[in-house]
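*Asks:* Protein chains in written order, with UniProt numbering: chain A, 1 to 206; chain B, 1 to 206.
In case anyone wonders, no lab produced these hints; they're calculated from the structure. Treat the hints with care, as some may be off.
Identical chains blur together in the list; that is why a pair holds if it fits in one copy or across any two.
Derived DSS-like pairs (lysine-lysine); straight-line CA-CA distance at most 27 Å [to be verified]:
| hint | residue 1 | residue 2 |
| --- | --- | --- |
| 1 | Lys202 | Lys144 |
| 2 | Lys191 | Lys33 |
| 3 | Lys191 | Lys123 |
| 4 | Lys191 | Lys144 |
| 5 | Lys33 | Lys65 |
| 6 | Lys123 | Lys202 |
| 7 | Lys62 | Lys202 |
Nothing here was measured: the structure is a model prediction, and the numbers come from that model.
Number of protein chains: 2
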Amino acid sequence: MPQGQLDPDQVPDDGLTTRQRRMLPVTAVHTGKGKGKSTSAFGTALRAWNQGMNIAVFQFVKSAKWKIGEEEVFLRLGELHDAEGLGGAVEWHKMGSGWSWSRKKGDESDHAADAVDGWEEIKRRLAAEQHDFYVLDEFTYPLKWGWIDVEDVAETLRSRPGRQHVFITGRDAPEGLIEVADLVTEMSLVKHPMQAGRKGQKGIEW
Amino acid sequence: MPQGQLDPDQVPDDGLTTRQRRMLPVTAVHTGKGKGKSTSAFGTALRAWNQGMNIAVFQFVKSAKWKIGEEEVFLRLGELHDAEGLGGAVEWHKMGSGWSWSRKKGDESDHAADAVDGWEEIKRRLAAEQHDFYVLDEFTYPLKWGWIDVEDVAETLRSRPGRQHVFITGRDAPEGLIEVADLVTEMSLVKHPMQAGRKGQKGIEW
């Protein structure tokens with residue numbers, strides 16, 4: 001049954017009212033080897049968009065060619081917002097095609113430097129409270145590979161101003177990220193078509 | 001990294017070509033106590049819609065009041081399809097408000113009978129190859145409660161004609177359903193805001 005109907009396990013001793021607690025920003029991490037980490041983050045972003053939230057997606061993928069259906073649909077939803085005032089504004093940024101604020105072309109340059117460049121921009125936007133809902137897709141990989149400092153990420157998320165939700169996806173989320181998150185879901189692979197020799201297909205994988 | 005870029009573990013001895021295997025229908029189950037089961041199914045449905053697939057959602061929830069943002073967004077995407085030919089057609093059916101093909105009002109009637117009524121309609125549609133992508137949201141509960149026969153579901157899915165993808169969500173997916181699925185993801189709860197006394201909030205839970 002819908003989980004929003006469940007009662008919280010306990011009332012915390014944090015001096016906040018239920019209403020204040022309901023207004024807290026959420027830091028969510030979707031990790032594990034199973035499918036559904038990114039699709040679930042984008043599914044939640046749909047809800048947020050529908051509530052009028054300003055959405056920003058940052059995809060930390062290396063290839064410019066990798067394009068998922070969500071990108072097209074969200075950009076269209078952003079147009080609906082701009083043209084008819086529905087939902088929220090949408091921005092979609094991809095490391096692989098070169099961040100839009102950066103002059104460098106993604107595929108020609110240093111992936112580690114590109115990842116840092118992406119994170120620095122996200123920090124600036126968080127400080128400026130530029131968006132309501134951030135998706136940092138595949139963001140655990142530059143953390144895992146040591147390109148971006150986990151402690152810097154944890155501290156930035158912990159101290160960010162206002163009510164900005166941040167959803168982070170990717171395998172092997174580091175412990176320092178798990179600690180600072182409110183909501184952590186592990187997607188485990190129980191069974192996958194690729195185990196039966198089937199490749200990814202249109203409408204399912206992209 | 002995107003899983004569509006992975007190679008399959010092995011080439012199966014099923015007499016099919018890679019292309020034929022790529023065209024097989026997918027039966028997916030999202031289960032477990034963690035969040036992301038439904039959002040991920042709807043996120044995948046976004047991809048499918050974007051590829052022009054005809055989408056049908058069947059929500060097996062009891063309350064007519066429970067409405068998630070995805071419903072509004074997908075109905076709008078369906079309008080975009082009808083008006084401009086973008087993406088695929090969309091139908092959204094909810095048990096709680098009375099199935100659209102049924103005369104009964106959901107909240108006044110027998111939930112077990114309503115669930116069976118929903119499943120019988122889905123069977124008819126599968127037989128008629130009416131849609132390309134089905135989401136059976138919270139469908140594991142009527143199975144778990146014995147309202148709908150798991151063997152009937154497994155056999156129907158196993159023998160369905162054509163290339164109709166079926167995504168099923170809900171906790172405690174029964175073994176008979178797992179067996180017939182190609183793709184099973186277990187969403188495990190690592191950490192949840194409700195554990196810190198926080199209630200569901202707008203843009204995240206609905």
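*Asks:* Now look at each hint and say whether the structure bears it out.
*Replies:* Here's how the hints hold up against the structure:
| no. | hint | in the structure |
| --- | --- | --- |
| 1 | Lys202 - Lys144 | neither (29 Å within a copy, 32 Å between copies) |
| 2 | Lys191 - Lys33 | both (11 Å within a copy, 17 Å between copies) |
| 3 | Lys191 - Lys123 | between (37 Å within a copy, 24 Å between copies) |
| 4 | Lys191 - Lys144 | both (25 Å within a copy, 20 Å between copies) |
| 5 | Lys33 - Lys65 | within (23 Å within a copy, 35 Å between copies) |
| 6 | Lys123 - Lys202 | between (35 Å within a copy, 24 Å between copies) |
| 7 | Lys62 - Lys202 | within (20 Å within a copy, 33 Å between copies) |
Consistency with the previously given hints fails for number 1 only.
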